[in-house]
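Q: From first to last, the protein sequence lines are chains P and G. Under the working numbering, think of the first position of the first sequence as 1, with each following residue one higher. Under the working numbering, think of the first position of the second sequence as 1001, with each following residue one higher.
Treat the hints as calculated values from the structure; they're not laboratory data. Ideal Cβ placement from N, Cα and C applies to all residues, glycine included.
Per label pair, the in silico range of CB-to-CB distance:
| # | chain 1 | residue 1 | chain 2 | residue 2 | range |
| --- | --- | --- | --- | --- | --- |
| 1 | P | F23 | G | L1276 | 52 to 62 Å |
| 2 | P | F23 | G | L1178 | 54 to 64 Å |
| 3 | P | G126 | G | L1277 | 49 to 59 Å |
| 4 | P | R155 | G | R1005 | 15 to 25 Å |
| 5 | G | M1186 | P | T123 | 41 to 51 Å |
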Amino acid sequence: MLRFQNVGMRYGPGPEVLRDVSFTLAPGSFHFLTGPSGAGKTSLLKLMYLAHRPSRGVITMFGQDVSTAQRDALPMLRRRIGVVFQDFRLLDHLSALDNVALPLRIAGVPEERVTNNVAELLTWVGLGDRLEARPATLSGGEKQRLAIARAVIARPSLLLADEPTGNVDPDMAQRLMYLFVELNKLGTAVVLATHDLHLLDRFKFPSLRLKAGEVRVTASGSAA
Amino acid sequence: MSSARRIPSDLRLEADASARFLPWALAAMVFLAVLALAGALALDRAVSHWREGVSTRLTVRIADQPGQPMAQRVQAAVDLLRAMPGMGRVTPLDRGGVAALLRPWLGELGSEHLSEALPLPGVIDVELLPGQALSVSALATRLQNAVPGAQLDDPKPWLDRLVNLARLLQGVGFGVVLVVGLAAMMLVVFATRASLAVRRDTIEVLHLIGAEDAYVARQFQRHVSRLAMLGGLGGWLLALVLLVLIRLLAGNVGQGMLPDMGLAWWHWPLLLGLPLLGWMLAVLTARLTVLGELRRML
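Please model the entire structure based on the sequences and the hints provided.
A: This is the structure in C-alpha cells:
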C-alpha cells in the first residue's frame, strides 16, 4: 500500500534530512514511528501525507507513484489519508463539529450524514458536550482528541498520527489508542509517531525507527 | 442536531478587510463606468441626428436687400429649387417661423412687435430626396445667380469637425470604461492575493485533507460575487439617479439650445449590462487568481 524506495528528502538547498529510506507498509498494518527528536519523523510523515515531494527516490502509494504524480491527482489520494498533526492545525474560527466535518464536506458527503457521524464520533472521544466550542476554548487534550476525530472521520485507508497521545492523560491515551486499534482492525493502516515507551511496550506493533535520517524496521515490541 | 444549521465558511472571508473596502471601491468604479458609457452612448445618438440632418436637409438663407421685396425673392428661390432634380419638400418660412428660430437668442417676439424695419432674412427649408447625389456648390451658384443675396448653408464642413470631436469624446468615454474595468480587475486580484496570503496555513490544511483547488476557489468566488453585486448595484443606482437628474436639468434648459443627447431604448440594456459584466469579470478574476496562486502550492 505504501512503499518507499531509496527516498531522500531535503528542504530547499539544505542537507538531506532523510537518506535512502526504504520500507513497505502493507494494507491494514500498524507501525509505530520512533526516533530521537530531530531524526526526521515529521519530515517522513510529510512525505507520507503528501505535503512534500521527495528530492530523490520513489514513493508508491495506493498503487500510484506519488513522487512524480500530477498536482491534480493529489486531492483524491489525500482523501484516503487521515492525519493527526503534532500542532493539531485546527481551524480556529470553526466549531469542533465543523472542524471534524471538514473532510466529509470536502468529499461531498450529504450534510445530514455529516452532522450525525461527526456528533457520534465527537461523543465517542468525549467531546459530545463541546460540539459548538471553538478550538481556542478547548484544553490541549481536547484539541488533540478533536484533531484525531478529524483524521479518522472519513475512515481513511492510511492514518498518520504525529504524537497523538502527547497531550492527554494516560486513561485518555489508552482510549485513543483503542480507537486507532479498532480503526486498524477495520482495515486502516496506521503509522503512529511517538516517544511514549509505554505505548510501545503495551501495544506490540512493529516500529519504523529513524536515526540520523535513516529508517530501520524493527519487530513488534522493540523499544525505541 | 438541526439540519437547518448554517454551514460556516472554511476560510471566513467575510471577516476579511476586503469585505469592507471592496464594495465601496467597486461601487465608485461602476458609477464612473456607467456615467462614461452613458455619455459615450448619448453622443452617439447626437452624432446620428447631426449626420441625418446634413445628409437630408439644406437651408437657404436670403439676405434682406433694401427695395427688393423679400416675398418675391423667396418665391423665385423656391421655384428654382422645386425645378431641380432630387428635391423633396421645399418650405419657405414666414416671418413668424423665422422669428421662432430666433427666439432662443432674441426672446419672445410677438408679431405685433416685429417692425417692418427689422431686417429678417428669408429662410427656406429644403428636404432632399434620399439617395440623390447633389452638388451643393453647384446649387449654391445657381441660387446666387437667380436670387442675388441667396446663400445655401452647407453645414457639412463644420459638422464634420463637430462629429470628429464627438467621436473623440466617445472614444474617451469608452476608454474610461475600459480603464475603470481594468482597474477593478486589478483591485480584485490584489484583494484576492492578500486574502490568500493571510490564509495560506488554512488552505494548506484544506489541501492536506483532500480539498481540490476548485473547492477553495469557489469560496473566493462566492465572497467576491457578493461584494461585487453589492458594490455594482450601489454604483449603478447612484449613476442612474444622476443620469435622470441630468436629463431633467437638460430638459429645463430649453429646446434647441442643446443637441438631442438623450439615450435610446437600446442604450439602457447596455447600461444595465455594464454592472453585470463587471460582476462576472470580478468573479472570474477572483477564480483565476486563486487557481493561479494555488498552482504554486503542492
